[in-house]
Amino acid sequence: MDQRVIRVLLGKTTMDAHDRGVRYLATKLREHGMEVIFMNFFEPAEILDAATQEDVDVIGISSSVEGHLPVAREVTRGLKQNGKEDVLVMFGGVIPERDIEPMKELGVKGVFGPGSSADSIVAFVRENVRRPRVSFE
Amino acid sequence: MRESPTVEAAEKGAATSGAVPQFTPEFLAATRDLEKEWRSKFDAIAQKFGVDPKTYAKHTDSGLPLKPAYFPHDIADMPYEALSAPGQFPFTRGLYAAQYQFMPWANQPVIGYGLPEETRRRMDYLQSQGMIGYFGNAFYNLVYDLVSHEGIDPDHPSAEGRVGQCGMAVYSREDNARLFDGLDLSKMNVVHISYYENMAVLAHYLAYARRRGVPWEKLGGNSMNWYYQSAYTGMTCFPPKAGMQLAAEMIAFCTKRMPKWNTFNIFGYGMEEAGADAVQEVAFSVAAGVDYARECVAKGLRPDEFLGRFGFQISQANDFFEEICKIRALRRIWARKCHELGARDPRNMHVRIHTHTSGAVLTAQQPLNNLIRTTLHSFGAALAGVQAMEVSTYDEALAIPTEQSATMALRVQQVIQEESGITRVADPLGGSYYVEALTNQIEEAALKLYDEVEKRGRYHNCHDFVRAKIEASAVRWRDEVDAKKRIVVGVNKYVSDEIQDMEVFKVDPESERTAVERVRALRANRDHAKWEAAMAEANRVTERFKAGEVGGLVPAMVEASDADATTGEIMGVLKQHLGWRSPH
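Protein sequence lines correspond, in order, to chains A and B. All residue numbers for the first sequence refer to my numbering, where the first residue is 126 and numbers rise by one. All residue numbers for the second sequence refer to my numbering, where the first residue is 1058 and numbers rise by one.
Think of the hints as simulated: they come from the structure by calculation, not from any bench. Just so we're clear, the structure is a prediction, and the values are computed from it rather than from any experiment. Beta carbons are placed, not taken as given, at the ideal position from N, Cα and C, and that holds for glycine. Any given hint could be a false lead.
[As the list claims (entries may be wrong)] Where chain A lies over chain B, by a calculated footprint (3+ residues, C-beta under 8 Å):
1. 1092 to 1103
2. 1197 to 1210
3. 1230 to 1240
4. 1558 to 1572
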């Protein structure tokens, strides 16, 4: 079988202490059989480096305090440059309604606001992950 | 310092408890009979509802078992000395003999966004709306932005989009002038809500005050020294031990030079926001506080010199009674720990509490419901007898508060304070069988967890343990919400598609550009020779601090700030020598 476990990189800027949600998500994705790497990053380039080194299928960025647009721009541009457009990018946290469309235009596939259930994110990842990998129940 | 007869007598009394029981044996026998009779009636009702009384069980939010009703015998084992009077050791019933009768709690909203001028406008506005501190003095609870928290400047590449977000864009002595010019520094209190940039923030304020001719001895306010937060949040400039030593260094300096300054803030609120339950919040707050206090003693400070300047910021969340009892238990535990640490003046055993009503339990869905939640939180904190409050705004889950939401949060406090009449009597819940029994339960559970931290080699040596406990609690909470075992109105019950029309605050993007221009102009126009000399000295002093020298760090950083060093530059020196990531 050439299928492997879905690998997810979750990140939050080191400046943002509101990491309860993303840490919870890390636990839940693991419970659903995915491999999760969580990192606090300073600059989006760190996310791109880690994503390449760890060969992840999904990048999830948590943002509770603005600054999500520049990060989304850097990450999606970097993925394109690296020929890694098949990596699924999602954002969560406090993302104002007005920013959702611009983020989707950049290539962010999913945006999950406050109160989103872990199940909905798990389902989103399974449905949208592009590379032929599995997550074990 | 005077030796307190109160504390010694209370301890002695506690040791010989049973000599003066609260209730007579005959009385207790009667109440036990009464409980049996009541219980059979309760069980009969349960059965009518199809509930098996044998398996019926309710728990507090932190998982402590509850009875459906409480009786005198539930608190019969508690010596009256553990309860005592308001203002008497161990302060279960409050810190002072007079609670709110002559001075209600202080209304202290957290303020900070955008440029210092924008924050100043909000400060002046809220003051005009009745925001007031202790003894009628001006009080400003000011939060710095995320860029500053991380110890960088606004023109750092990773600062993009974050300048003036979640706090004010203040990075220099010059920015302090923009914030405070025209205010009488000697007649006001400023809480500088800062994380790792704590040292730089104090340096800027002291350098600014000196230029204004205000002696440091006259400054009132607060430094947070929140380094221990790296146990449960992701912000990690300094490893635990270096953080603790930086805190002790600042506490030592302020103790000697700034008698009105509050030197350390024990941030239970942050723990609760990260997911801690009430028991964990108490246990870990005390564990962090005791750990840092020991470090201060190791630096040569006497407990009675510095403990009185420690303060607490505690959350008030949903479980109404548990959150009240949590505060009563915390006061008792901390008083005894301070006594153990060697404090003898009871005033130095106080848990002075600034309540921050929980933000984590507020919802983005049906946001106006949050006003109801915060009213309950605030009311509970008042019943618990706290010293000051910040009430979260109803748009907490959406953005930085608008002027309207900030005003409403202030009004919540004012309505309770002025209209409910609860300020007339101290510790109004004192003596309630339920409240006293639950206070005892929390105390017992928290001490057990505290002991576990101590066994693992003190707080700063077991961040992993603290994080694991808090994270497990956060997961449990969310799982219960998802499984609808825990109801959140508007989220998993009474859900509505109707969108409440809300104004959502947005920081002016121009502010970021201005902040960047300012810091660049500051660097270009400052006296370079002076700056270079001050930075070289800051470097040398930090090296000596790392080698164990005490007392030099704050003055060196003040000189750097005076020479127009920025927060990012000052913090760069500290990170270079003491940080655990590569300098950035």
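Right, here's what the structure says about each hint:
Closer than 8 Å: that is the beta-carbon criterion, and the segment 1092 to 1103 of chain B has 0 residues meeting it against chain A, so the requirement of 3 is violated. Interface restraint, the segment 1197 to 1210 of chain B with chain A: holds (4 residues with C-beta to C-beta distance below 8 Å; minimum three). Counting residues of the segment 1230 to 1240 of chain B whose beta carbon lies closer than 8 Å to any beta carbon of chain A gives 0, which falls short of the minimum of three for the stated coverage. Check on the segment 1558 to 1572 of chain B: 3 of its residues sit with their Cβ under 8 Å from a Cβ of chain A, so the three-residue criterion for coverage holds.
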